[in-house]
Structures are given as C-alpha cells and as structure tokens.
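Engineer: Top line first, the protein sequences correspond to chains D and E. No gaps in the numbering here: position 202 of the first sequence is 202 in my numbering, and each next residue is one more. No gaps in the numbering here: position 414 of the second sequence is 414 in my numbering, and each next residue is one more.
Don't read these hints as lab results, they were simulated from the structure. Among the hints, a few may not be true.
To be verified - According to the in silico footprint, chain E covers these stretches of chain D (three or more CB under 8 Å from chain E):
no. : segment
1   : 21-33
2   : 39-48
3   : 180-189
4   : 241-248
Said to hold, decoys possible - Computed cross-link-like contacts, BS3-like style, restricted to lysine-lysine with a CA-CA straight-line distance of at most 30 Å:
no. : chain 1 : residue 1 : chain 2 : residue 2
5   : D       : Lys44     : E       : Lys303
6   : E       : Lys66     : E       : Lys141
7   : D       : Lys54     : E       : Lys66
Glycine is no exception: its CB is placed at the ideal position from the N, C-alpha and C atoms.
Now for the letters of each chain:
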Amino acid sequence: MKLAKRYLLLFVLPALILYTLFIIYPLINSLFLSLYSWPGVGEKTFVGLDNFRKVFSSGAFRNEVFNAFWHNVYFYILAASIEIGVGFFIALMLASKIKGARMFRNIVYIPNMIPLVLVGFMWSLYLNPQVGLVNQFLKLIGLGGLAQSWLGQESTALTTIILVNAWRNIGFYVLVLLAAILDINPSLLEAAYIDGASNWKIIWRIIFPLSFSTVRTLAILLFIWSFNVFDMIYALEGVQAGPYRSTDVLGTLFYRTAFGGLGSSAIDMGLGATITVFIFAIIMPVSIFYVYLVEKRQRSA
Amino acid sequence: MKLRSVLLVSLVVLISAIAFSGVVNIWSWRSQDADVWKQVESRLRAQGYDIKINFTAYAPTEYDAKVNLALQTGTGPDLVYSRRLPGGRTQTLIDNGLYLALPDDFDLSNFPQAVLNSVTSGGKVYGVPFAVQVVGIFYNKDYFDQFELSIPKTWDELVEVADTLQKNGITPFFVPGKEAWALTMQHAMCGVSVLGPEWIKDLTEGKTCFLDVKFVDLNRKLNDLKKYYQDGFMGNSTNDLNAAFAFGQAAMVFYGIWGYQTWHELNPDLRVGYFMVPPANECQEPYAYTYMDGAIALTSNVKNREDSLKVLEFCATPEFGTIFSNITYNIPAVSGADLPDLDILKVAVDTYNNHASPYVYWVGSVFVTQKPSLYTDVLSPGMQAMYSNKLTPEELARNAQEAISQWYEPLMKK
Numbered sequence: 001m002k003l004a005k006r007y008l009l010l011f012v013l014p015a016l017i018l019y020t021l022f023i024i025y026p027l028i029n030s031l032f033l034s035l036y037s038w039p040g041v042g043e044k045t046f047v048g049l050d051n052f053r054k055v056f057s058s059g060a061f062r063n064e065v066f067n068a069f070w071h072n073v074y075f076y077i078l079a080a081s082i083e084i085g086v087g088f089f090i091a092l093m094l095a096s097k098i099k100g101a102r103m104f105r106n107i108v109y110i111p112n113m114i115p116l117v118l119v120g121f122m123w124s125l126y127l128n129p130q131v132g133l134v135n136q137f138l139k140l141i142g143l144g145g146l147a148q149s150w151l152g153q154e155s156t157a158l159t160t161i162i163l164v165n166a167w168r169n170i171g172f173y174v175l176v177l178l179a180a181i182l183d184i185n186p187s188l189l190e191a192a193y194i195d196g197a198s199n200w201k202i203i204w205r206i207i208f209p210l211s212f213s214t215v216r217t218l219a220i221l222l223f224i225w226s227f228n229v230f231d232m233i234y235a236l237e238g239v240q241a242g243p244y245r246s247t248d249v250l251g252t253l254f255y256r257t258a259f260g261g262l263g264s265s266a267i268d269m270g271l272g273a274t275i276t277v278f279i280f281a282i283i284m285p286v287s288i289f290y291v292y293l294v295e296k297r298q299r300s301a
Numbered sequence: 001m002k003l004r005s006v007l008l009v010s011l012v013v014l015i016s017a018i019a020f021s022g023v024v025n026i027w028s029w030r031s032q033d034a035d036v037w038k039q040v041e042s043r044l045r046a047q048g049y050d051i052k053i054n055f056t057a058y059a060p061t062e063y064d065a066k067v068n069l070a071l072q073t074g075t076g077p078d079l080v081y082s083r084r085l086p087g088g089r090t091q092t093l094i095d096n097g098l099y100l101a102l103p104d105d106f107d108l109s110n111f112p113q114a115v116l117n118s119v120t121s122g123g124k125v126y127g128v129p130f131a132v133q134v135v136g137i138f139y140n141k142d143y144f145d146q147f148e149l150s151i152p153k154t155w156d157e158l159v160e161v162a163d164t165l166q167k168n169g170i171t172p173f174f175v176p177g178k179e180a181w182a183l184t185m186q187h188a189m190c191g192v193s194v195l196g197p198e199w200i201k202d203l204t205e206g207k208t209c210f211l212d213v214k215f216v217d218l219n220r221k222l223n224d225l226k227k228y229y230q231d232g233f234m235g236n237s238t239n240d241l242n243a244a245f246a247f248g249q250a251a252m253v254f255y256g257i258w259g260y261q262t263w264h265e266l267n268p269d270l271r272v273g274y275f276m277v278p279p280a281n282e283c284q285e286p287y288a289y290t291y292m293d294g295a296i297a298l299t300s301n302v303k304n305r306e307d308s309l310k311v312l313e314f315c316a317t318p319e320f321g322t323i324f325s326n327i328t329y330n331i332p333a334v335s336g337a338d339l340p341d342l343d344i345l346k347v348a349v350d351t352y353n354n355h356a357s358p359y360v361y362w363v364g365s366v367f368v369t370q371k372p373s374l375y376t377d378v379l380s381p382g383m384q385a386m387y388s389n390k391l392t393p394e395e396l397a398r399n400a401q402e403a404i405s406q407w408y409e410p411l412m413k414k
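Can you build the whole structure from these sequences, using the hints too?
Structural biologist: Next comes the structure, spelled out in structure tokens:
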C-alpha cells in the first residue's frame, strides 16, 4: 500500500508542479499584488487595502466595477439561456434520426472552429450600420425600421455581443448535450412510447432529467467563462467597452486598469490585480458549492 | 586544387559574414513601417555596415505591456519604438533604467528643440523621434469644388459648409463613434482652436477649470454638430471611416495625417485637403493639434550596442526621414528630408511648423498622465455618452472637473 502511494505521488508530481507554477503561484501573487500600487515596472508601493477600498467604497471606480459586474451577470443569464437552453433543443433535434443529421451536427459546430479574431472582424462587418449584412437583410424583408447601429447604442450593444458569442459557442454545448441525450438508454424511450407518452412528456420527464447533470456541469462552466469573458467584448468594442462602458465587463475593466488603453494612459497593475481577486471571490464560492453538490449527490447515489 | 581552396575560403568568409553580421532587433506598434526598415538595412549595407535588422510589430493595445515585461525579463529587443513624454509609461521605463539615454556626443542637430523636448528627461535624450502627427479636418476636394465651398474660417462657417453639403445629399462628416479614442481626439483638436491655447494654458495652471463656460460651450458645439454625421455613426469604426472617406461617402473627417496612407492605397484618385478646426470667431487664430508620435529608443536589453547606435545614427539623418515619409506618407520628425510631392503633406508640414498649438489636453498633455485620465476615463466614455444623449454638455464638463481635480493639484478647490 505504501509503495502504491509513492508511485501515486510520482505520477501526480509533474501535474502538481505545473499546476502550482501556473495556477497557484499566479493566484497567490495576484493576492499580494492587490496590496500594492505598481505601474508594471520598478518598485511596488505598498498601499494595504487601499485598492479594495477603491473597489468597494463609493466613488467613480466602484461605479465602474459594479457596472462591469452587472454586465457579467447579464452576460451569464442570457448566454446560459441561449447556449444551454436553445442548445438543448437543437441537440434534441439532432438526436432524432432525420436524414442528414450528421451533416447538421457538423454545421452547428463550424462557428466554434473559426478563430475569435476572425469572428470579431466578420461580425463587425455584418453589423455595420450602413452596409452591414444584418441591416441589409432586414431592409430586404421589409423590416428596415428595425435596422440600427447594433454595436453603437447602449440598448443593443451588450445583447448583440452575447448573441454573437452564442453563435460562436453554441456548437460546443450542442455537442455535449447531444452526447448526453444519446447516452440515454433507448429502451426507456421506447417503453415510454409504447405506454403512449407524448413527445413533450418524454422530453420533460425522461430526457431532461437524465441529462440534467450535464446541463448543470455546463451551467457552472458557463458561469466561470461568463465572469472571465474578455475576448468577444475586446474584438467587437475594444478595451474601452463602449458605448460609454455599456459593454464593460470585469475582464475589460481589468485590462484597462492593469495595461491601460493606447499610448501614454496611466496603468496600475496592483489595482488590476484587485479586480482579479474580486473575480476570483465571485467564481470560487460558486465552484465550491457546485463540487459540494456533486459530491453530495454521488454519496447519496 | 587552387580553385577548391579559393572556393573553400570564400565559403568560410561567407558563412562567417552571415554568422557574425550584426543583428539589430526592433519592436514597434506600427506594422506599416516594415518596409522602412528593409530600406534602412539596405542603405546601411550599401554604406559598408554589415547590419541585419529584424523588425517586429505588435498590436498597439498589447505593445506597451509586452515591452514592459520583455525588458524586465531581459528578453527585449535592442531598440523599441517608445511613446512620447510626458507620459507615465515612458517615464517609468526611463526611471528604472530600461530605456538608455543616447550618448552625449550623439548628433541630434537635425531635430527642432520642440521635438527633442518630447524625448528629454533629466537633461538626457531618450530615443530618436521618428514622426510628428498633425490632426484636424481632412476634406474631399472634389466635393468642395463641386459645391463651391471654401475653407471655413469660423465654427459657424464650418456648420454652414456642413449644411450645404447635407442639403446636396452629401454626408458632411464621417465619425467613427464606436472608437472612443477618435472622439476624444476630435474634442482635443476642436479645443485647441475653439478654446485657444491661452485658455488651455490657464487650465493647466489652474487659472480656469473644466466648469468654465467656454469648455461647456465647446461640448455644446460638438453635440450640435452630430446632426451632420452619418446615420448610425456610433456603430462605426476607423476602418469604416477610411473606406467611407476614400470612396467619397462623406466629405470630411476629423482625423490625423497618418490616415492618408490608407486613403491613398484604397483610392489613389482621391484629392484630399486639410484645414485646422476653425475657431469660435474671426478674432481668434486657428490652431492645430500636433504631437511627436514616438521615438526609437535604446533599451537596457541591447545585445548589439555598436550596431544599434549605428542604426539610431541613421535614424537621425534626413535620409531616414526621406525613406520614412516616402513609404508611410507620415511627416518625419527629422528636418531636411525630401518628402513625396504631395500637397497634403506640404500643408501638414506647414501647419506643424507654423500653427501648432503650444498647449494641448490629449496626447502629450499632463491630463493623461494619471488616473482618472482625461483621455481614457472622461472624454472617451463621456463623448460617446453625450453623442447618445445620455450626458449633457454641462455634465461632461462636470465629469472632467471631478475626475481631474482628484489628482491634479492646480484644479483642486475649484
């Protein structure tokens, strides 16, 4: 038994070293850095909890932080509804044995393979207020009144970005949910049909409950990704997260604070690190709670 | 046997030349300069210097962080494009010894003192300036000829010009509202003429503040002008601006001379003119917002000091300026260069030499050196909010005052 443990440690050690080096160390370093003011070069100035005071006490920076935080929350709610909710129904359709199902599965996943920079560029063109595909299409079908500056106004910018994000990522969710649905024992479904259950009843009483653990896993992953989101906002609105911060999330606020915008703008790595600690403080408890739930479920199973 | 020996020796010499030729690594945020460095390398080789230049360009938004990190870890290049002074980032790099001062005997006689001031710290010069920028209103000459429009001398005349163009079905201005920095630049270039340098000097010295009626009035003027912008302008980027202006979809743009390279590439037939933002009334002189864009600086990571200094020496000559401006259509910082025979460049150079505002509040000003910055934190989101009717001109002025007075002593207690 002792020998087995020694070997176990030997196998775990490389991963443990890498994990410590690239996850644990930066995390602890961020925690320490959040107690300093530092322009990224030279001496760090110890400011204690002053950075946290800027984040949590009243003031312009606090407003920016919580403005960004609520955008993350909105991002998660809408992204989860579309990517998991709509993704589930697409997966259901793809699970049915219709002609060409395999081709449709591939089509759904294609956007996921397009590099993000290209997605940003492509959708910037599609959403161009004057000549973009989206407005032109609306005009073509007689809905020209709905054509607007999608990324240029507060009322539509963030939602548009979330929809573009969903367009790109839904393939992944569909793929995972499809695997979960196909994993359900067909005899259960056949028995339900023989007993005269309707399609809706089968979906809600059999398929959904049996794939719920997958949905829950995807929901927690999406929660973590939603609070780390940066790239899609950056690609479509830049680091200023316009118009007037209406698409700002904690990721873009962190980038702007830690690395500045263009040119000679002021930067503070310490204050930026405080935002990362704030993000960590949001994600970690939820993740722990999730793990606790899964453990509890496995123990009771 | 003799021939074989000669060939062998030649081969050894060739290999040695390749292996030991001086490599100078240069980093920049300007990808458009790649061909400049190819030509610099060939000129230096023609002069007998065995120098190979490796030029790498990074995305402007990531560039500064990359330079900071690389220089601290010793993995940086020999030379970097550095940002101008005053500027927190460059000053920090100088203070920590990551940018090196040029030798005392370095020949900088081809640079005006005003340009050198933007690279001088503690009496030492850090880098060789490469370009100066002029911003203002660029216009399509064909439209001005077609509707017999003349260059406006006052703000009201500018509005009249816009009105005439609009009545004739031409979009007067194309504004990239999605890119907040461009709106800040627009505010700043209008400020130097409408407010005037004296007012900005008073602001810098704390004799007036952002709550002054003149500043509020400038905000109002800009807000009133938006009815002459293209529909949905808040969703447009500078890429859209370049295409729209190059192909005549708008008559005027608030932009910088650096845009000419792209417009010319997109449409070589485009006739572009330039004028300074007109002042509020005829009693005031117009001024242009100009600034030294950046310099090529020697880093503490330099591995090939001798050849790097040779490259820098070349950058300080009119010959470099000639190469630079003929490839990029930018104005070189060095004097005496032969610029391409373009009216627009001549006008821009004349504007830089004779009409540059001595006081500014965007790039190169004290108001962007701390946080909250007038550039990033106030005018960038503020202009977008004002143009979207979410902020009044008065509120934008109040936001500026509240933000800057947090750290800028002359504006405290106002």
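Engineer: Against each hint, give a clear statement of whether it holds in the structure.
Structural biologist: Hints versus structure:
1. 21-33: violated (count 0)
2. 39-48: holds (count 4)
3. 180-189: violated (count 0)
4. 241-248: holds (count 4)
5. D:Lys44 / E:Lys303: holds (28 Å)
6. E:Lys66 / E:Lys141: Between Lys66 (chain E) and Lys141 (chain E) the Cα gap is close to 41 Å, so the pair fails against 30 Å, i.e. violated.
7. D:Lys54 / E:Lys66: holds (27 Å)
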